[in-house]
Amino acid sequence: MTATSLTSSQGAGRTGDKVFSGAALAAGCLILAVLFGVALFLVVQAIPALTAPADKIQGGQGFFAYIWPIVIGTLIAAVIALVIATPVAIGVALFISHFAPRRLASGLGYVVDLLAAIPSVVYGAWGAAFLAKQISPAYGWLAENMGWLPIFQGPASTTGKTILTAGIVLSVMVLPIITSLSREIFLQTPKLHEEAALALGATRWEMIKMAVLPFARPGIISAIMLGLGRALGETMAVALVLSSGALTASLIQSGNQTIAAEIALNFPEASGIKVSTLIAAGLVLFVITLAVNMIARWVITRHKEFSGAN
Amino acid sequence: MTSTLTPVRSKRSALTKGQLPKYAPYAVLAAALIVGAAILALIGFNAFGWGVVSALLFAIGLVSWSAAVEGSRRAKDKLATCLVVGSFLVALLPLVSVIWTVLVNGIPGLLDPGFLTTSMNGVTGAFDNKAVEGGGPVMGGIYHAILGTVQITLLATVISVPVGLLTAIYLVEYGHDGRLAKAITFFVDVMTGIPSIVAGLFAAAFFFVVVGPGTKTGAVAAVALSVLMIPVVVRSSEEMLKIVPNELREAAYALGVRKWRTILKVVIPTAISGIASGVTLAIARVIGETAPILVTAGFATSINSNVFGGWMASLPTFIYTQILNPTSPSNPDPSSQRAWGAALVLIILVMVLNLAARLIARIFAPKTGR
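Protein chains in written order, with our numbering: chain C, 1 to 310; chain B, 311 to 680.
Bound-form chain C, shown alone:
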């Protein structure tokens, strides 16, 4: 008798428990469903473009010929952004974690986070109205003196609205992501390793080179990958800054286009097969960024298991 009175209690409490845990479970599953739905609905809407006869697609040579140049353009812009942002971001992260005075460090970190808070369309407007104008003389110089390199082949754009400018704006936008992730990793370096290096007479740079960077390498790699994911999918910086065109090797002429900007510029006025084509382009972008992000997350989780950092 006592046993039953202990195990069975008020029905209201038990129902509450069931409803609550059920709701929590449903919310979790909803997220999985949404991600699955993203893929599903994009595929459903993209099928007409993938199966349509080649001459119906913009450009008249089929979907593959349409998507290929803008995939390359997306990669070019993202690579420029990473090449510029990575060294600066690691430097900033090191500055905040190991160089800045302890009392200033968190405030400075907040300043860098402000970079992430500025909306992308404002960056785009800044890139188009300010940066492009300021930087176009430099392109003229590059075309004159480095023109023998295919990437700096002249004649340089006089408006400065080139893929290189777009890449620079992108690099500003991915900088805070790489910085904040690498900063976290740098701060996790075992204190004993650092102190041991310093006790052996290492200078601060030698300590960082021997203790901090080897420990943080997987973390830095995944931070770069996450930055890459962001740079690949960023729309406004490219849509507003770049004066787009056909695929060209030169970074300082107008030309090239990225997937995200292509969608943003054309989707609002699109109809019929064009909508499907653009959604298919979005699907391609989704697959690329998904792969990049999954690799990055995989590197992070693998690192967590081995380092004991958590």
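Rather than coming from a laboratory, the hints here were simulated on the basis of the structure. Any given hint could turn out to be false.
What the hints assert, rightly or not - Below, a list of computed lysine to aspartate or glutamate pairs in the EDC-like style, where the Cα atoms sit at most 16 Å apart:
| no. | chain 1 | residue 1 | chain 2 | residue 2 |
| --- | --- | --- | --- | --- |
| 1 | B | Lys-386 | C | Asp-17 |
| 2 | C | Lys-18 | B | Glu-483 |
| 3 | B | Lys-569 | C | Asp-17 |
| 4 | C | Lys-209 | B | Asp-387 |
Given the coordinates of chain C, assemble chain B onto it according to the supplied hints.
Positioned in the frame of chain C, the structure of chain B alone reads:
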């Protein structure tokens, strides 16, 4: 006395031998500034070039002096320090430049009478041409865009917060690190990386299939923003729920309180400051998103207060269209003035939200009693 003092002095110099004097960086900086100014005076002075040249001279001077006196290891250390500090300064440049550009260009637009209280309804290129030719004020405003942004963001918050918070509760309280919980964590991380335009395309494709082709309303945009917002809410709430001490839960269980009441009455109130600040940051993140709204809500020039019907304007898309397709193609200046004004309003909104998040976290932080 003198005989005891001299060995002490020589000892001190032996200890500091092979080191740069303490004033070395300041001396090199002063020299670099002067020489930099001299070089710039020869080729035409500007402040930015002066800063760059002086910084380079400072790094070269300090490192080579250090190499001469202290040896290559210390010199490398100095070089690394210069590079690290330099990269921080380089990172500040765009921040300062962006804020400066928006302030300079945005304040005239913001001070325009009626900018915050009127919409673009009926404002045509003719008004803009007149304004440029000196015949009238710059017409039009961003009231419709502010209204749209607030409505879309509110709806997105209403969708995302329950879903995100419940998921976080599942992960922390019910998941037990099982296979489903691991899958959800992984895919939430992956979802964080979905490009915003793909989220917009998803919402558009979803409503095209469910409601009908070409459906563009504020609600579609809100769904798109939720896709971006949910993972942020989940991550921040999960972190906050995790740091609630287990003793609190156990104390509640020991008093015979049901699990769901424990979560509602003990766990969430303890973590509410962190959760609220996380939600505020998530709002700040999505309020500036342009691409998803662009493909889901269309453009509107007039006030539309119905989220479920008709095209809707928002601040980011307003900026975008005013720059890319000026109201008067022959005289784009009034349009760009309105765009910068809107950009200033948007940045102020985002900064206020960020600040609010910090304040919430500080004010409502649980009292530790220690």
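Here is what the structure says about each hint:
1. As the CA atoms of Lys-386 (chain B) and Asp-17 (chain C) are separated by approximately 63 Å, the hinted pair breaks the 16 Å bound.
2. In summary, the hint linking Lys-18 (chain C) to Glu-483 (chain B) is supported, as the alpha carbons are separated by about 13 Å, within the 16 Å threshold.
3. Taken as a hint, the Lys-569 (chain B) and Asp-17 (chain C) pair is honoured in the structure, with Cα atoms around 6 Å apart against an allowance of 16 Å.
4. With a C-alpha separation of about 10 Å, the suggested pair Lys-209 (chain C) and Asp-387 (chain B) falls inside the 16 Å cut-off, and the hint holds.
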